[in-house]
Each structure stands twice: as C-alpha cells, then as structure tokens.
Amino acid sequence: MLFFLRNVSLRHFTLHLLRTGLTVVGIALGITVFVGIMLVNDATLTSFRQMINNVAGRAQIEISRGRSGFEEAVYEQVTQVEGVAKATPIIRTSAFLESNPEDTIILLGVDTFADKDFRTFTAEDDEHKGEEIDALQFLNSPDSVLMTNVLANRYGIKKDDTINLVTGAGLKTLTVRAILEEKGAAKVFGGNLLIMDVYSAMTVLEREGRLDQIDIILAPNAGAEEREAVVSRLRETLGEGYEIGYPGARSGQVENMLKSFQQILTIMSALSLFVGMFLIYNTFSMAVAQRRREIGIMRALGVTAAQIRGIFIVEAGVLGLIGATIGSFSGFLLARELTSIVAQTISTAYFKINIDQIAMSPLHIGIVIALGVGTSVLSAIAPARQAATVSPLEAMRPVAMEATQRKAYMKYFYMGIALFGLQFAGLYAQKFLDNPFVGSASSMLGFLALTLLAPILIVVAGDLFSPVLRKLFSVEGKLGADNLTRTPGRTSVTVSALMIGISLAVAVKGTMLSFQSSVLEWLEQSVTADLVIRSSSALPGPDAVDMPETLGDDILREVDGVADVNRFRMINQSYGGTGIVLYSVQMPEYRKYSPGIWIEGEAEKVYDAVTGNDSVYVSENFMNRFNLHAGDKVSLKTPTGAHDFSIAGVRVDYMSDQGVIGMDRSTFKKYFQDNGVDSYDVFLKPGANIAAVRDAITAKFGKNYRLVLQTNSEYKTEVQTAVQQAFRITDVMYIIAIIIAVIGIINTLMVSVLDRTRELGMLRAIGFTRRQLQKLVMNEAGVMGILAGSFGVLAGVGFTAIITKIMLREVIGWTTPFVFPLESVVGGFLLAFVVSVLASIYPGWKAAKTNIISALEYE
Amino acid sequence: MSDVMIDVQNVTKTYGTGAKAVQALKGVSLQAHKGEIVSIMGPSGSGKSTLLHLLGGLDIPTSGKVVIEGQGTQEMGDQKLTLLRRRRLGFVFQFFNLLPTMTVEENISLPLVLEKVDKATIDRRVKELVALVGLEHRLGHKPEELSGGQQQRVAIARALANNPALLLADEPTGNLDSKTGAEILRLLRRTVEEFKQTIVLVTHDPKVAEAGDRIVIVKDGLIEEIREASRKEFEPA
Chain A
1 MLFFLRNVSL RHFTLHLLRT GLTVVGIALG ITVFVGIMLV NDATLTSFRQ MINNVAGRAQ
61 IEISRGRSGF EEAVYEQVTQ VEGVAKATPI IRTSAFLESN PEDTIILLGV DTFADKDFRT
121 FTAEDDEHKG EEIDALQFLN SPDSVLMTNV LANRYGIKKD DTINLVTGAG LKTLTVRAIL
181 EEKGAAKVFG GNLLIMDVYS AMTVLEREGR LDQIDIILAP NAGAEEREAV VSRLRETLGE
241 GYEIGYPGAR SGQVENMLKS FQQILTIMSA LSLFVGMFLI YNTFSMAVAQ RRREIGIMRA
301 LGVTAAQIRG IFIVEAGVLG LIGATIGSFS GFLLARELTS IVAQTISTAY FKINIDQIAM
361 SPLHIGIVIA LGVGTSVLSA IAPARQAATV SPLEAMRPVA MEATQRKAYM KYFYMGIALF
421 GLQFAGLYAQ KFLDNPFVGS ASSMLGFLAL TLLAPILIVV AGDLFSPVLR KLFSVEGKLG
481 ADNLTRTPGR TSVTVSALMI GISLAVAVKG TMLSFQSSVL EWLEQSVTAD LVIRSSSALP
541 GPDAVDMPET LGDDILREVD GVADVNRFRM INQSYGGTGI VLYSVQMPEY RKYSPGIWIE
601 GEAEKVYDAV TGNDSVYVSE NFMNRFNLHA GDKVSLKTPT GAHDFSIAGV RVDYMSDQGV
661 IGMDRSTFKK YFQDNGVDSY DVFLKPGANI AAVRDAITAK FGKNYRLVLQ TNSEYKTEVQ
721 TAVQQAFRIT DVMYIIAIII AVIGIINTLM VSVLDRTREL GMLRAIGFTR RQLQKLVMNE
781 AGVMGILAGS FGVLAGVGFT AIITKIMLRE VIGWTTPFVF PLESVVGGFL LAFVVSVLAS
841 IYPGWKAAKT NIISALEYE
Chain B
1001 MSDVMIDVQN VTKTYGTGAK AVQALKGVSL QAHKGEIVSI MGPSGSGKST LLHLLGGLDI
1061 PTSGKVVIEG QGTQEMGDQK LTLLRRRRLG FVFQFFNLLP TMTVEENISL PLVLEKVDKA
1121 TIDRRVKELV ALVGLEHRLG HKPEELSGGQ QQRVAIARAL ANNPALLLAD EPTGNLDSKT
1181 GAEILRLLRR TVEEFKQTIV LVTHDPKVAE AGDRIVIVKD GLIEEIREAS RKEFEPA
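Protein chains in written order, with the numbering used here: chain A, 1 to 859; chain B, 1001 to 1237.
Incorrect hints may have been included.
What the hints assert, rightly or not - Here are the computed distance ranges between Cβ atoms for each label pair: (1) A:Trp845 <-> B:Ile1226: 42 to 48 Å; (2) B:Glu1075 <-> A:Tyr842: 27 to 33 Å; (3) A:Ala300 <-> B:Gln1074: 43 to 49 Å; (4) B:Lys1116 <-> A:Ser713: 28 to 34 Å; (5) B:Lys1116 <-> A:Ala300: 36 to 42 Å; (6) B:Glu1128 <-> A:Leu15: 28 to 34 Å; (7) A:Tyr842 <-> B:Arg1087: 50 to 56 Å; (8) A:Met415 <-> B:Lys1116: 24 to 30 Å.
Keep in mind that the hints were calculated from the coordinates and are not lab data. The beta-carbon is built from N, C-alpha and C at its ideal position, and this holds for glycine as well.
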C-alpha cells in the first residue's frame, strides 16, 4: 500500500495541488470549529472548578446561609464543634470602583490571622522580590484593602493610592496597602478581587455582627467518614437553614447548569464537521471519476479491487490526518478567540466567570486525530467502493465527451423521503423520550434527506432554469444550467453542503428572532416600570450591588411625580441539582402594573394567592423541568430551614434557563431573612415628567449610591443586546460552515471545468469569447447558489421551527412562538447566490484561459 | 478582390524555447482559392495539424504571415481572432465535439445564436442545413442518440451555419468506418458546390486526401509536394 501511496496518491495530490489543498483546508476548518468548542467547553469547566478550589483554598467544609448571612456568634459555636480543627469567618459582597461602574469587583473580608491557614495572599514587593510575603499583615487599619495586580494594572492604581468604592452601604474611600501577586486565591473572579479585614468590612459595609461564610479545616488525617460526622454535628449545633457543604460539590451544580448551553455548542460544531464530510465525499467522488482510466490500467495490470479501494481509503486517511493536525492547531487558536465571547455569554446568562487557560491535553489531540481521520475515511468509503467497481476495460476505452447521465436518482429520492419520515418519527418520539439528542439527530436526518433529494431536484431545476437562463444570458446561461444536470450526484453534494451552511445561518438568526420576540413580549408584560434603578450597571442578579431598603421610601417621599416604588430582589437558589433563580417583588404594587403571561392560573387569583402567603408562582421551564404544576407544592431550602410553598400559577419567564420562582417580598423576607434590594422599579404619576423625576432621583441619591437609572425602553434595549450577545458565538460557526461549503463549490467547478476541457476548447474554436466562457461557469455557479439558497432557507426555516418548538422546550423548557425569519430567509438566499458566484471567479478564469489547441488534442 | 482565400507566406512555428524548442513548421508557403478543397496530408508529427491551427486562427505563426481574406492573423488580438472564427470560419473535428446537453437543432444554431441572429432567420437557416445533411427528422435528438456518421453531419451543419468563407476539417473521417467516411466526404464536396466556400481538409489517409482538388504533402515541417487530386471517387451523388 505504501508503494501506491508514494507512486500514485502522492502524485495525484501534487498534480491537483489546489484541490488537495482546498480539501485539507475544508477538513481543517471543520475540525477547527469542533476542537475550538471542545476546548472552550472544557476550559470553562476547568476554570470554574479551579475558581472554586482557589476560593476555598484548603477549606474542607463551607458554611453559608443565603444572601443575608448569619450572626457573628455562629462562628464561636462552630469553633466549639468536635472535629473542627480550624475555622475562619468570611464576608463577601459585590462592589465597583466609582470610576468604572461596569466592572463588578468581589470584596472579600477575611480574618487576618485565621485565614493564613486557608489561603495564601502574597504581596508584590520590590525589596523582597520572589519571597512570599503574607499580605494580610498590611491590613492594620479599618480603611485598608489589598488589590490584585490585575485590577491595579487595569486601572493604574499603585500601593498607598486611595480608591472610591461603591458598596451596598454607599460610597467608601479606602486605601490600597499592598498589591497581590497573581496566584492562588488572588486569581479568582479573573482577579476582580479586593481583600479586607473581616471586622473592618463589617464596619465599612454597615453589617455589624454579620458573616456570610465560615470555612473549616478538619484535623489532619480526618477521612471522609470523619468529615460526614463533623457535618452532621454542625447541622445539629446550628439548626436548619444553613448550607453546609464541600467546596467541590458546588461545581457539580454548575456543570448541570452549563450542560444545555454546552450541548447546543457541541451540536452546532458537529454540523460544521458534517459539512466538511460532504467536501471530502465530493473530492473523492471527483478523483475517482477523473482517475477511471488510471484505475482501469491498474486493474488490467493485476491490482485487486480491494487494493484499489484501499488506495482511496488511505488517501482519505492521509488528508484527514493532515487536516486534523492543522485543525487542532487552528482550533486551539479559535478557542482562545472564543473564550472571551463564551465567558461574556456565561457571565450574562449564568454567573461571572473568566476563562483563562485553554489547555490541549494528549487526550484532546487523540480525539481530534481520531475524528479527523475517522470522518475523512468514512466520507471516502462510498467513492472508494465505486472505484473498486471500475472494470479493467476502462483502460482501453477512448475518453469521449461525457454525455448526459441521468441515472436512477429516483432510488435516492425514495431514500430521502424515507429519511424525512424517520426524522418526523424521531421528532415525535422525542416528546416521550425526553432526550435532546434525539432532536438533534433528527435534524441531521433532515439534512441527509435533503441531500438525497437534491440530485433529482437538481435535474428538475436544471431543466427549469435552462430556458430561463437562455433568455436572460443567451446560450452561455443555458449551457451553465445544463452542465449541472450532467452530474447531478456531484452537484447535489456541493449544493447540499452550502444548503446546510445557509440553513444554519437562517436557523441561528431565526431562533434568535423568535427568542427575542418572546423575551420582548415577556418584558412588555413584566417590566412595566417607567424607571429602573440599579446600583452599578450590571443587569439585576446575584452579583448586583445591594441598595438599602430605605431608599425606596425616600424616593417615594422626596421625589415629586412618583406614584409607586417596587423592590426587586433576586437570589440563586439550588433546587433539584441545579441553580434556579428566585426573586421577590412587592405583590400589591407589582400586580397593578404587570399582568404577566400565564400558562396555568389567572393573574388576579394567582396574585391574590401569593400576596403575604406561603405561595409562589413558577416559570414555564421550571414546570417542564421538574414536572410541577399549579396546585403542587415545592420545597425550598431557606435560611430558616426547609419550607413547602404551594404553586399558585405558572407563567412565562425568561430570567433563567434553569427555572424561576417568584414570591411576595414579605414572604421572602420572612423565610430568607434578606432585606437587600437589587433594583427599584419606579412608576410615575400620570402626567409626570420622566426626565424631571430621573434628574431629581439622581440629584438627591445618585452620588452616594452611584445609581444607574434607565427608562423602560433603555432597559429593554439592554436585555435585547444581552440576547444578541448570547447568540454571537453561533455566528462564528455558521460562517465557517459556509466557508467550507464555498470551498466545495470551487472544487466542483474546477473539476467541472477540467472535465470539459475539450468541450471548452471547441466552444472557443467556434467563436465563444473568453468572457462568454467565464459567464458560462458563473451561470453554473449561480444556479447552484439559487438551489442551495432555496433549499437552505427552506431547511433553515424548518430547523428554526424544530429548535423553537421542540429543542428549546426539551433542553430549557421554554416554548417560544415560531416567528418567520423573513429577513434571514431573504438574506440567506442572497448570501448563497453571492458566495456561489464569487466562488466561480477562479474556475471561470481557468475556463476562459483554456488553451484551444491542447484542449482539442485532449486525449 | 482576387479569389485568394488563404495566403500562407513563408510561415514558421516554433514551440518552446531554448534547447527544448521544437520547430513544427520550417517555412511554409501556400495559397488556397475560393471554392477549392485543399487536402493537407502527412504522417503524424509532420506539422499538418500546426498548419491547420494557424489557418483556423487558433494560433499565430512565429514568423511569416497567415492572411485570411486579406487580413493577417498575427495582427489580430484574441477578441478579433474569436470574431474571425465565429463569422468567417467553420470547424469539423475528428470526435465531432457536439454539446451533449443540446439537441441537434440547438447544436447547429449555436454559431448563429452567438451572432445574435434573429429567431426566424435561425429557424430558416437550420432547416436549410438539416435538409442539406439529411437529418430533417432528427432535430430534437441529443447527440448520444445519433450514430457517428450522423453526429458528423450535425457537426458539418454547425460549421456551415454562419456561411463561413473557410471550413477547416481535422481528420473528419478519422472516427468513422470507410463507408460512412466516404459519405461525409461526398457531403463536404456537395457543400462546396452549394456555398462556394473553401475547405482545408487535414488527414493522414491518402485515400481521404484524394477527396480534395489539390493535395499538399507535409513532412518534417516543410511542404514536400503539391499535386492535383483524383477526386473521382467523391463526386457528389
């Protein structure tokens, strides 16, 4: 086989350098996307696990209690529990620099003595370079903070500078006593971290006597059993309402949360690989067609059919290997580019994260090589088998001009129809199987079905376009359309590849559109405030900076034109192995302005039920995910212990892809003992001037709390931008899929031109100009583009419907109404047409350059 | 205007440069007249095909002149040569070279369509031509449905579509059996009677060469001999 590889395959590779190169690029691009997404997904989880480990340090047990924390006295109690060797108190809050409200910083209050056993903070010091200097020793006065070198470099802050920090307790001026080296605990939250003495933090944050967390180290040699025993002793001592857990366990919950997001990315990256497979199949089909004579000669000389098959399989393997090698490298680079987009998306949708290290392990490389070689070989099997059927007689036959071949493409047509049936069966079965992969596998079947239908559709379309193009572009138009129908198999694979790329683009845009319209409708019904007030510009969420509860009363009392104020509070609640969102609003005010979109229950009755009672309403995806409906009870762990709440209604809510629970503020305060406010909704009196109210609030309270005031439409625009942001990563994928498809078109047209060299020479001889030949190839490409565009937008619209109607429901639990993506349908169609015509430029130029004499002597 | 159709003046043609250079024609002069059939005969590698390419405006000489209807080809650019081929020349090839996706009618009308001739004229002309080559009942057929001889008749009809002044035939019978070949040659003679065009017929077959009025024998890039042909066997029936 090595003999054939060296003396046959390699020569063909170099003989058709452009085609070989383009094919390798195609494989490499498919692999690139796949590798990029795989690495980013892995890096996301690794970064998160590392962040948890870095924060936890050497802690073995963590105690916490909601967002409100607990009494300082608990710390004393914990140290007395048998088996607790060391314990350290912690305060944790969000804040931001007055100069940079968009950059949320975590302020950690730690015990300057006790914390040393848990975490190491090393100061940067010019005098003692390289030595580890315990930075906590610098926290000797109440206004002292330690700053990470990441923050210090970002904002040009030096040791002994003062900073203006906006906290839940207002604006505070603090002094940076030391800059922390970027290692250990100082690396968490992407370095967006300030360290303070825990007791100073209590004073500064006006949280006297309250803690957020206690970290515990057990006696050396304590095993898992001992740890379990300590946890149950702690439960006994502290009573209900405390979360007592192991730092590692928290990452499991996060992995659950990210699962669907990562699944969607993986499915999309697999589609790029799928398009790459079309390209390989196409390249090898053409190679077999062009090498028939050579294969015939080899067969006549005694090479077996199995050896012929082997030659092509090995060739595919070699191209796959080269493609995968390049793809791993470029995938690594792509992953580095994607990290910031993914991190931003996750930070908007889930929690703040910095993905810092993209790592490629030997396992990754193994997967990629196997995948590259595997998909390549798999795609080449059919062409290789075809090559093996070439008879030795082919060697003797003169190569005449290829005649129209309309083989029995009906066979494929029926197979395509059958696959469509299978797809719909799969989509239907998915309802009962509750497995998102059935849905994505069904979508792939749909693409495959269209590919099988393509040859017959191309023949029909060729016949249809031929007279039209004859009218529009004279004879070169007609010839262009006719050429497609001469090799429907080859054309259909090319068209299908572009079709998939286009349908991906349409589906991504379509899904975004329908999702965006549902979100808008939901906001219309839920966010009705004239002004939304937040501290810092981050969207409301658990990382938002607290505002005092009294601010609402102050606004109501001191600002003219304000009719109502509502307090919004949101926490991350762990439920059913994942993290859902729980929020509270003042129902009596809320119901006046927010009708909501209800799936179960009527607005008035639900609001009646939840006001001041142990009742909640849940979101549609919560209902679907946990199969809980109106009338059922949901048990929630609260700082005051586990409590049952009855579900009064189910409504549309897109606040979290994991599930949302809403309750009255009075109920929330009672059970969660949390009186913080994330945002204020301000409703104006009729006729009040919104600008005047905004100015008055800013003038009276803005300075101290660095308030961000947004009008209703500003707020909605921001949410819309966040939705678009979440879809940005998918843009990268369909763009690459389309590039791979364009490579396929160039390949196909090149071969189409080479195959017809003699015909082109004849056309030149009887008077075709160079321009006319170029136009001929361009027409051929144009028809391909029109076909790929029409099938692509058709498949794209279908795919959008499947995603919005079935996959989103299955994966996230949302039902979004299907919105016809008119803009992307038109855009996708035009895109297909334009890229096809552009792809024809080089092959067209080649055709125009045909040397008449040598073309006429061609074999 | 004299009746000289083609005037080849001391033409040489060299392919390649330096040590690899091959001189295909080493100084050839030849004239062909209106309504004359000139057979160019010679073994393969003699330079006869090169000569045909130069006459067909597919290539230009290295030195000397090829003058077609008073115009030297070496002065024309690609565009002018293309138009010359389209308007004044017709080609018949050994392998017919019909477009497989087009019907007989479409193949024949191709040169007229390129010239943007109106539909009615095209129809009339195609009718004339198929009557001439005897394929009236095959208009809607594709080339693959025709025999070799029929395909060559279509090719001849196509070559004549634009009323060319010069028809170039490169081994037109090379792919046909001798009986069909003889029919094709008779057909070519008949078209000369009808349209008075000049035909240059290239062949390596001495019997086929006799179908011309004069036979030019080419060997090693030079004209070895020019003599009258017998013609008898190929008089139109």
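query = Honestly, do A:Ala300 and B:Gln1074 meet the 43 to 49 Å range at C-beta?
reply = holds (46 Å)
key: Distance restraint hint 28 to 34 Å, applied to the beta-carbon atoms of B:Glu1128 and A:Leu15   = violated (47 Å)
key: Range hint 28 to 34 Å (beta carbons of B:Lys1116 and A:Ser713) holds or violated   = About 60 Å separates the Cβ atoms of B:Lys1116 and A:Ser713, which means 28 to 34 Å is violated.
task = Indicate whether the distance between the beta carbons of A:Tyr842 and B:Arg1087 respects the range 50 to 56 Å.
result = violated (31 Å)
ask   = At the C-beta level, are A:Met415 and B:Lys1116 separated by a distance inside 24 to 30 Å?
value = violated (45 Å)
task = May I ask you to test the hint 42 to 48 Å on the CB atoms belonging to A:Trp845 and B:Ile1226?
result = With a Cβ separation near 43 Å, A:Trp845 and B:Ile1226 satisfy 42 to 48 Å, so the hint holds.
message = If I claimed the Cβ atoms of B:Glu1075 and A:Tyr842 lie 27 to 33 Å apart, would that claim hold in this structure?
response = holds (32 Å)
Hint check for A:Ala300 and B:Lys1116 - Cβ pair distance inside 36 to 42 Å = For A:Ala300 against B:Lys1116, whose Cβ atoms are near 49 Å apart, the range 36 to 42 Å is violated.
When held up to the earlier numbered hints, the structure conflicts with 4, 5, 6, 7 and 8 and fits the remainder.
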